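Protein chains in written order, with numbering that gives the first Met the number 0: chain B, 0 to 783; chain P, 0 to 215; chain G, 0 to 156.
Treat the hints as calculated values from the structure; they're not laboratory data.
Since this is a predicted model, take the numbers as computed values, not measurements.
Just to be clear, a hint being listed does not mean it is correct.
Here are the simulated PhoX-like cross-link-like pairs (lysine-lysine), alpha carbons at most 25 Å apart as the crow flies [what the hints assert, rightly or not]:
| id | chain 1 | residue 1 | chain 2 | residue 2 |
| --- | --- | --- | --- | --- |
| 1 | P | K3 | P | K61 |
| 2 | G | K146 | B | K433 |
| 3 | P | K50 | B | K63 |
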Amino acid sequence: MLQKTSPEIGGMGHSVKRKEDLRFIQGKGTYVDDVSLPGMVYGHMVRSPYAHARITGIRSEEAKKLPGVLAVITGQDLEKAGLAWMPTLFHDKQMVLATGKVLFQSQEVAFVVAEDRYTAADAAELVEVDYDDLPVLVDPHRALDADAPILREDRAEKSNHIFHWEVGDRAATEGVFQTAPVKAELNAFFPRCHPAPLETCGCVADYNPATTKLTVWETSQAPHAHRTLFALVAGLQEQNIRIIAPDIGGGFGNKVPIYPGYVCAVVASLQLGRPVKWIESRSENLQSTGFARDYHMKAEIAADQDGKVKALRVKTLADHGAFNAAAQPSKFPAGLFSICTGSYDFSEAFCEVDGVYTNKAPGGIAYRCSFRVTEAAYLIERAMDVLARELKMDPVELRLKNFVPPEKFPYLCPLGWNYDSGNYKAAMDVALEKIGYYELRKEQEEKRGKGELMGIGVSSFTEVVGAGPSHTFDICGIKMFDSCEIRVHPTGKAIARMGVKSQGQGHETTFAQIVAQELGIPVADISVEEGDTDTAPYGLGTYASRSTPTAGAATAMAARKIRDKARKLAAHLLEASEEDLEWEPGKFFVKGAPSKSKSIQEIAFAAYTNFPAGLEPGLEAVHYYDPPNLTFPFGTYICVLDIDKGTGEPKVRRFVAVDDCGNIINPMIVEGQIHGGLTEGLAIAFMQEIAYDESGNVQGGTFMDYLVPTAVETPTWETGKTCTPSPHHPFGAKGVGESPNVGSPAAFVNAVVDALSHLGVKHIDMPISPWKIWKILKEKGIAE
Amino acid sequence: MAIKIEKTFQVQEPLESVWAVISDPRKVANCLPGAQITETVDDRTFKGVIKVQVGPSVTDYKGQVHVERLDNEQHEIELIGKGQDIRGKGSASMKMTGKVRSLPDGNTEVASIAEVNVVGLLAQMGGRMIQEVSNQMFAQFTANFTARLQQERTSSGDPAASRAGAEDAKPIQAVPVLLTAARESVAWTFHIVLVLVLAVAIGVSIRRIFKCSDQP
Amino acid sequence: MATKKRVRVKVNGSDHETEIEPRLLLVHFIREVLTLTGTHVGCDTTNCGACTVLLDGRAVKSCTIFAVQADGCEIRTIEGVATNGKLHPLQEGFKEEHGLQCGFCTPGMIMSACALLEKNPHPSEQDIRWGISGNMCRCTGYQNIVKAVQYAANKMA
Chain B
0 MLQKTSPEIG GMGHSVKRKE DLRFIQGKGT YVDDVSLPGM VYGHMVRSPY
50 AHARITGIRS EEAKKLPGVL AVITGQDLEK AGLAWMPTLF HDKQMVLATG
100 KVLFQSQEVA FVVAEDRYTA ADAAELVEVD YDDLPVLVDP HRALDADAPI
150 LREDRAEKSN HIFHWEVGDR AATEGVFQTA PVKAELNAFF PRCHPAPLET
200 CGCVADYNPA TTKLTVWETS QAPHAHRTLF ALVAGLQEQN IRIIAPDIGG
250 GFGNKVPIYP GYVCAVVASL QLGRPVKWIE SRSENLQSTG FARDYHMKAE
300 IAADQDGKVK ALRVKTLADH GAFNAAAQPS KFPAGLFSIC TGSYDFSEAF
350 CEVDGVYTNK APGGIAYRCS FRVTEAAYLI ERAMDVLARE LKMDPVELRL
400 KNFVPPEKFP YLCPLGWNYD SGNYKAAMDV ALEKIGYYEL RKEQEEKRGK
450 GELMGIGVSS FTEVVGAGPS HTFDICGIKM FDSCEIRVHP TGKAIARMGV
500 KSQGQGHETT FAQIVAQELG IPVADISVEE GDTDTAPYGL GTYASRSTPT
550 AGAATAMAAR KIRDKARKLA AHLLEASEED LEWEPGKFFV KGAPSKSKSI
600 QEIAFAAYTN FPAGLEPGLE AVHYYDPPNL TFPFGTYICV LDIDKGTGEP
650 KVRRFVAVDD CGNIINPMIV EGQIHGGLTE GLAIAFMQEI AYDESGNVQG
700 GTFMDYLVPT AVETPTWETG KTCTPSPHHP FGAKGVGESP NVGSPAAFVN
750 AVVDALSHLG VKHIDMPISP WKIWKILKEK GIAE
Chain P
0 MAIKIEKTFQ VQEPLESVWA VISDPRKVAN CLPGAQITET VDDRTFKGVI
50 KVQVGPSVTD YKGQVHVERL DNEQHEIELI GKGQDIRGKG SASMKMTGKV
100 RSLPDGNTEV ASIAEVNVVG LLAQMGGRMI QEVSNQMFAQ FTANFTARLQ
150 QERTSSGDPA ASRAGAEDAK PIQAVPVLLT AARESVAWTF HIVLVLVLAV
200 AIGVSIRRIF KCSDQP
Chain G
0 MATKKRVRVK VNGSDHETEI EPRLLLVHFI REVLTLTGTH VGCDTTNCGA
50 CTVLLDGRAV KSCTIFAVQA DGCEIRTIEG VATNGKLHPL QEGFKEEHGL
100 QCGFCTPGMI MSACALLEKN PHPSEQDIRW GISGNMCRCT GYQNIVKAVQ
150 YAANKMA
């Protein structure tokens, strides 16, 4: 049971205003591009305009002649150092700089270093590259055709097939399908999109030859993992590498991988002995860095007459681009996609995924989706609506009928996940009430009679986050634990460092709140630091909603170790036995004699000045937390929209998001996360796609075409919550950052399809632009 | 990215005059500012270069045109053209069908349909730019071509005048285009259209050569 | 390289005079020559607004202006918004209403809001949304940013 703390202490549940804001509102944050070191020079990447071509020559004489140019590094140069290729995060390798051929438009071909960024850009224009173009493969469905061009000459197996993965019982599922009276089928594409954080990726690589220490300021969500990988791949001594992830302007998964630009900057710095800054442009970011999704999915549900679901069968084609640079746990080629049975009680299920190479940017990363959970949630939530339509049942009724009931938890789903807790009906009820669902259905009936198009879309998603237990999860072999180190100073103030790295999630506040909750030290007296691998304990970083489930747990455990020691000190100070002491946030007191107490501040002072014989001085602890399980946040989102018959534009009228992330540290911050994630979901559903034409040219490679919603397009979000604490987490929290991006696309798409279902529309693929809708209206003869 | 460009233009000159100019590939190339034929590979294959200036930046492209098919009966010609930025920033390839015919009023009409495939930065900006700029480019070519024909007609027989008309073409200047696309992409559009136009011009010239040889 | 040009600008109340290349963008001039790194670069097609500053009182995207065009002008950046160490109501509002998460869009957002409130001291929610529509945010969904601007409008009224 969590003890309540005062607002001054600011423990769990308090909407403490953020401590990190002070520097950001004054423009005094330190983002990587703000770093300026003496003697610093700039790198600029030369990139391929072709999606698939052989490089027959590279000439850099003209570029090198430009005054101020210090180096032009090519793939051939890197090859000599064994660095032309580097391992990806997922059992593959990728070219740092192209050797032999290029495999996607915007692929890195050469790295120019000059005294200032303008000269570097000028020089990049002067590098001459000869290409012989090759046939391009952009349709993943063609990747395994007999006449498909083979993209990866470096692989022993000459095929574009990367992996086949399956889970569940194929035969048993087959059996159910054969006899099931009702079947629903859905083919759904989740388009390639991109996290597009407002700050692009970049680094300042600073090798100091006098100390042989390499310091890299890097936009990294996982600085320790990067450090270890740099050590292994570049053959540098890990204790001489320091990665500093300073303030990061948004990550959303985009800043998890190691990009060629980082490696080139490090190589250049090693070569020149000077700091080298590389900051990519937005176009480079959209066209070459970690994309997300690009899943071609098929779902089939077998159900009985009254809508009880029996079995789920899923087949997916995963487009990974030119290299499998997916950032996900090593045993999961399709991430956690097998959560696709969602919130529903299926008796059998089978899921298979095939990954293929195409001439597109490599990936995919986990864009605010905990490793493919967005794809899975989208698929099942759309499929349930298709089934509801099939059965002529209300989509809410169908869901209520099939939710895993609370008494069945912990629940083992047919695809192997052990859901620790859940109460799906509770979240649904709150959402239905908040939006006035049944009144809306009546309104829709009336509007339909008048020929108006109104849609209601429901999504009751379940996520699986917080990777993860060491028995199953690792990235490149490194297990996915996380850590926290806390030190309490003599004057009762504290500093805490963890192995995760905030890119806007507010850790400087929320993690201080965890310590405040456990030790009763006011939030204002606790300083939180992350991102410097020289000082922070080892962790796997922030993505996949894992910070609170892993590092948050580590923080609580470290604080509890401190509290255990504090008890000993208190017993010594109060001349009582430890068993006779009781704790309330901020102090120990003698049972039955509350005035005989010692505050945590007094105890901290005593740790340095008055400790019992045999007890180690000081007051600090470190904890590495190996989570026993993942956590399962869930929720119900309901979207109401109206479609303009003249323009096809879908206007979101209301959106209610009810989330259950267990016990909440800071409600204000959770709400902010929901707002942000819903806005990303809106963009994905209606406006965004990184598409490729038949020659492999990127469409949607700048913000002119890759649309980000502004304040005008974004509706007002309404949020609510239920609380089903995670039974295995030290303070019952689950993590929440990704829920809104996971749950919302289906809510939007379900709403649009719902608005048009009476016209016979069964499904529309994202992004659902007004043009797509208008074409349907025209076809059905009702466009105005 | 595949784009279809259809262009038809009329010249107020009789067929014979048009043939007389078009029969000299160098004269036709001169109507394309910044363009030159650098090599005759064989009687059906020609190599050329085009220098394009957009603002202060000057870029060089090299291209090749090959006559795929020549139909004297239908007065049709099919060309395959391919061009590349010499520094490797992108390319374009084109398949073009051209038809030349005499009009009832004595004028000559040239009609062409080209399928252009663009690779590189320009293709990212989209077909919406290419169409616009190619319209402007084509207008410039036809103006130059018509002017050249008039000049030939008025100065026919006067070698000095002919020489005066054949001055070195300066690189083409940037056409004001109200878009925020990178200057590279504008340069690229010029390139594609010029390859196209060069191909049309060369094609028409070849057509004339063949037609001449058919005449008794 | 082109010959350098002399520019004189007043930035956050202080005069600066220096020689620069004519093609130097105003945002780079601010960030690298004046070392005021609060103004950020978020895109390369003038879409995101992270580079917004006030040029003679108008909110402009400094990535699409050459520094030489600002010769003789007054520029105000995020660093010049607080007065004598006291936060501007907009800065307070962003903190009180949780109007920022990663903070990258915040300086540009505050500058746009400054210009908005200067022109329209009592904006409606729609006015605010339109007023900041030139500034992208990927983290907040704008809802709390609107509240932050309303907080400031009320405080300044």
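Numbers of the earlier hints that this structure fails to satisfy, in rising order
Hints that this structure does not satisfy do not exist here, as all of them hold.
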